[in-house]
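Let's have the full structure, built from the sequences with the hints guiding it.
Number of protein chains: 2
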Amino acid sequence: MNPFFRIAARDATTSARNGCLQTAHGEIQTPVFMPVGTQGTVKTLDPEELSQVGSQIILGNTYHLYLRPGTEVIERAGGLQKFSNWNRPMLTDSGGYQVYSLSGLRKVTDDGVVFQSHIDGSYHHFSPEFTTQIQLSLGSNIMMVLDECPPYPCTFDYALESLHRTTAWAGRCLTEFRDCEPRYGYEQTMFAIVQGSTFPDLRRQSAEALIALDFPGYAIGGLSIGEPKPVLFEMIGLCTEMLPEEKPRYLMGMGKPEDIVEGISLGVDMFDCVLPTRNARKGQVFTWDGALNVRNAAYKMDFNPIADDCGCYTCGNFSRAYLRHLFNAQEILGMRLASLHNLYFYHELVKKCRECIADGKFGEWRTEFSRRYSTQTTNNNTVLT
Amino acid sequence: MNPFFRIAARDATTSARNGCLQTAHGEIQTPVFMPVGTQGTVKTLDPEELSQVGSQIILGNTYHLYLRPGTEVIERAGGLQKFSNWNRPMLTDSGGYQVYSLSGLRKVTDDGVVFQSHIDGSYHHFSPEFTTQIQLSLGSNIMMVLDECPPYPCTFDYALESLHRTTAWAGRCLTEFRDCEPRYGYEQTMFAIVQGSTFPDLRRQSAEALIALDFPGYAIGGLSIGEPKPVLFEMIGLCTEMLPEEKPRYLMGMGKPEDIVEGISLGVDMFDCVLPTRNARKGQVFTWDGALNVRNAAYKMDFNPIADDCGCYTCGNFSRAYLRHLFNAQEILGMRLASLHNLYFYHELVKKCRECIADGKFGEWRTEFSRRYSTQTTNNNTVLT
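Chains as they are written, first to last, in my numbering: chain L, -1 to 383; chain D, -1 to 383.
I should point out that these hints are in silico values taken from the structure, not numbers from a laboratory.
Check before you lean on any hint, since a few could be wrong.
Repeated chains share a single entry, so a pair holds when one copy, or any two copies, can fit it.
Derived DSS-like pairs: lysine-lysine, alpha-carbon spacing no greater than 27 Å straight-line [said to hold, decoys possible]: (1) Lys298 / Lys80; (2) Lys80 / Lys280; (3) Lys41 / Lys280.
Listed below in structure tokens is the structure:
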């Protein structure tokens, strides 16, 4: 039995399951959606609002926080949670993904990655040991190993080479982590990341090697970066089948509502994505019938809430017409209210999944959800005024 | 006796007084500071936060709301308060000031002002009757007459000509207002605006002519636009001495804390200014010791709140170091938390004035406030990193 993770219920017809993660900052009911707080804040929202919409755990980005405000500031504050006044569980990535996606010049060697800051062009070196140290300073409840995320598509040979590096780095991160005392007195934990691009053999190799290292939890990385949907779900299913039943599984960066439901059915426990907050800032909001864009001219005189059946602060108090006005007038409150609504919707979505799993109705509900939820959302973005 | 405004206490040594304004959306204790909600939202904040920081009444700008979202949308929503979910008192200006300060080409005639929208260059015409109609549609509790705000400095002749126009317009606004039923069933009221630039004779002429029209309240306009401080306060004092004792007095657009305290001592009841929110969005925050800019490098490791003696949400939960980080990282939450703090401070400032007037200690407190409150705040803005 894993004292950190406990499975509470399993779905009969799919691989979906309910679980509970224990952390020093409280419990997390899974499946869970984790909002992304890139720079020590989930954009536009404050910690009270996050709690109100149902956030159980949020992410912090090591790359960003290391560059700004810097590890020293956060250490002196007593960790990222105290610094940002988020007193619930926090997960930090290793910074690897941002090095690949944001920084200018970068060079990957077996010892880690040298990169240039996207802010001021300064040079930095992330080794497995160093990103572990940064995350110890951030004080996150769940830390991630340094990995390399190969682009899609990539060659088998590159994916293989990258995979060996990621596996070696995972071992070094774990060693460094086990050699160190936690900075703030409470226990932290560390997850490995399965890579291998879209090659089933490599995904298997990666999972096997990391399982041998006996991490408390496993993430699936390198997906949702442009590969076709069937390939995406094939890779997820392949990984969740291999990964230990009794340990939490975290699918990194995948965030469309319909994909999350699919991911849950494949046995994923944890999700994160910037999508609900990033798209909110452009006016896209989610409902059980699909997404819509409140900037659309159709909502000029629409005094209904985003969704009649939504219990969030935004829907309880403001109309589509008002939201449309706020976006047209470039008022920050529009971005706030849309972000708040979207996170509420995402948390309700996974909560509904948890309830259906507990009640043995997940398979049935999933069909119903798919029937109602329209993925034809891009049309809503075309008629803007 | 004025059923709309009731004076509750008078200071013995100054012209300061406490009062209470009755509106269809509730009472307002004066002296009062009114946050500016230019486009149907006090920038970055939601209505709940406004209530929490102590806002009793907020402003809406007719010029902006007429252009976007337009009168038709707000009428269909049932007025600006319903549209924006601010269920407390609201004051709207006539739009005149923004026509002068924001729009491109504009032409003032005795019949009103023709101007080009700053958004799309379209032509519009504001007459006294039309701005009254717009404000009736907005449904504000306190409406303002259309006036012309002459620039500073301006010639006596121009100020005189402008003054005659403003007086004539005030009469036409009042007639239009009295001829119309309120749009939404509740009573609205209208204030006149004393102009006359910095010429004492013209201020007197303006006040006399407007007093003869018997408005329920009077504003002092055309000040705080570049004239020297002694001239500003001379003009305020001159106006408040002339204006009817039993009617509310509103000084438009003046907003430094030390000037508000001075204005209160001269018998002003109502203030509005974008300063606390606009400066907040640049990192400037107010304390009883003066203003500081949280972006300052000095606060990098400062884990104290903006002010130890402040009871706002920002000071109760976040440090200067965290706020500095948010501003450096260009995170919206920084602007929100600073705006919230500044409005809280402004409302505490006028509340303290009200308490001291009630207790007969205003003169004494004012000296104490001046001694503590440093106006040397610009130095705080120089060392930014």
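Each hint, compared with the structure:
no. : hint           : result
1   : Lys298 / Lys80 : between (42 Å within a copy, 15 Å between copies)
2   : Lys80 / Lys280 : between (30 Å within a copy, 24 Å between copies)
3   : Lys41 / Lys280 : both (13 Å within a copy, 18 Å between copies)
No hint from the list above goes unmet by this structure.
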